[in-house]
Amino acid sequence: MRTRDRSGSRGRKTPWRVQSVREGQELGGKLLGGHLGVLKQAGLVRDRHEGRQTHYSAQLGALAPLIDWTSQMANFWQSRFDHLEGLLKRMDQ
Amino acid sequence: MTNTATETLSVVVEREIPFPPEKIWPALTQPHLIEEWLMTNDFKPVVGHSFTLRADWGVVDCQVLAVAPNKTLSYTWGAYDLRSVVTWTLTPTSTGTHLRMEQSGFRPDQPQYYQGAKGGWQGFFAALERNKSELGGGMTSQSWAGA
Chain C
1 MRTRDRSGSR GRKTPWRVQS VREGQELGGK LLGGHLGVLK QAGLVRDRHE GRQTHYSAQL
61 GALAPLIDWT SQMANFWQSR FDHLEGLLKR MDQ
Chain G
94 MTNTATETLS VVVEREIPFP PEKIWPALTQ PHLIEEWLMT NDFKPVVGHS FTLRADWGVV
154 DCQVLAVAPN KTLSYTWGAY DLRSVVTWTL TPTSTGTHLR MEQSGFRPDQ PQYYQGAKGG
214 WQGFFAALER NKSELGGGMT SQSWAGA
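The listed protein sequences derive, respectively, from chains C and G. The numbering used here puts the first residue of the first sequence at 1, with every later residue one more than the last. The numbering used here puts the first residue of the second sequence at 94, with every later residue one more than the last.
One chain only, chain C, in its complex shape (with noise of 0.2 Å):
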């Protein structure tokens, strides 16, 4: 798990499996763990254990105010896009 790797950059590169936190935790400090601890009592993340591995998930609907409209709204216009798309078919036919 990296906070900060070797080269420095705190950019988030690929996706850290959460099993790694515990040697985040050995290595000392508050690093992730603590941070998803916080965000599952606020309700905002739910946990789900996977033999060592801990997924978390984002509670949308708590997260919701914190997410803009428009992460919302081009979910609902891809979805609407699908059925247009389905409808000019059936017109063609």
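There's no promise every hint is true.
The list that follows gives simulated cross-link-like pairs (lysine-lysine, DSS-like), each with its CA atoms no further than 25 Å apart [said to hold, decoys possible]: (1) G:Lys137 - C:Lys89; (2) G:Lys116 - G:Lys164; (3) G:Lys137 - G:Lys116; (4) G:Lys164 - G:Lys137; (5) C:Lys89 - G:Lys116; (6) C:Lys89 - G:Lys164.
Treat the hints as calculated values from the structure; they're not laboratory data.
Following the hints, position chain G against chain C.
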């Protein structure tokens, strides 16, 4: 300090459609066809015409702003406290049409100022969540490992 409370945000969805603009235009402007892919409505392709889009999760108040057959169509889109404009642009291509939808607008209390769920948005999202199947899984919880 710029007043970002009214800063306009926008969402753009574009797609290559394998049909010419003339085939798409009716689906964007004839009420019984709009209902098939969008929502129940009393739309008319007449500038200034006010209409509503209705679904079980809510009603959207709209007014036609611009109509250029087979080219562009735009109308206001007011739902809860969102004030926005939806603009459709049809560009002919060799294989059909490049269809572009842009919705730009703002909410008086932009969510980047976290003040908790306010007004109807929470209901709107909850309704979307309930209707995920109907909306084609529009609102799925993104899962990621690690923050």
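Here is how each hint holds up against the structure:
{"no.": "1", "hint": "G:Lys137 - C:Lys89", "result": "holds, 23 Å"}
{"no.": "2", "hint": "G:Lys116 - G:Lys164", "result": "holds, 12 Å"}
{"no.": "3", "hint": "G:Lys137 - G:Lys116", "result": "holds, 17 Å"}
{"no.": "4", "hint": "G:Lys164 - G:Lys137", "result": "holds, 16 Å"}
{"no.": "5", "hint": "C:Lys89 - G:Lys116", "result": "holds, 10 Å"}
{"no.": "6", "hint": "C:Lys89 - G:Lys164", "result": "holds, 20 Å"}
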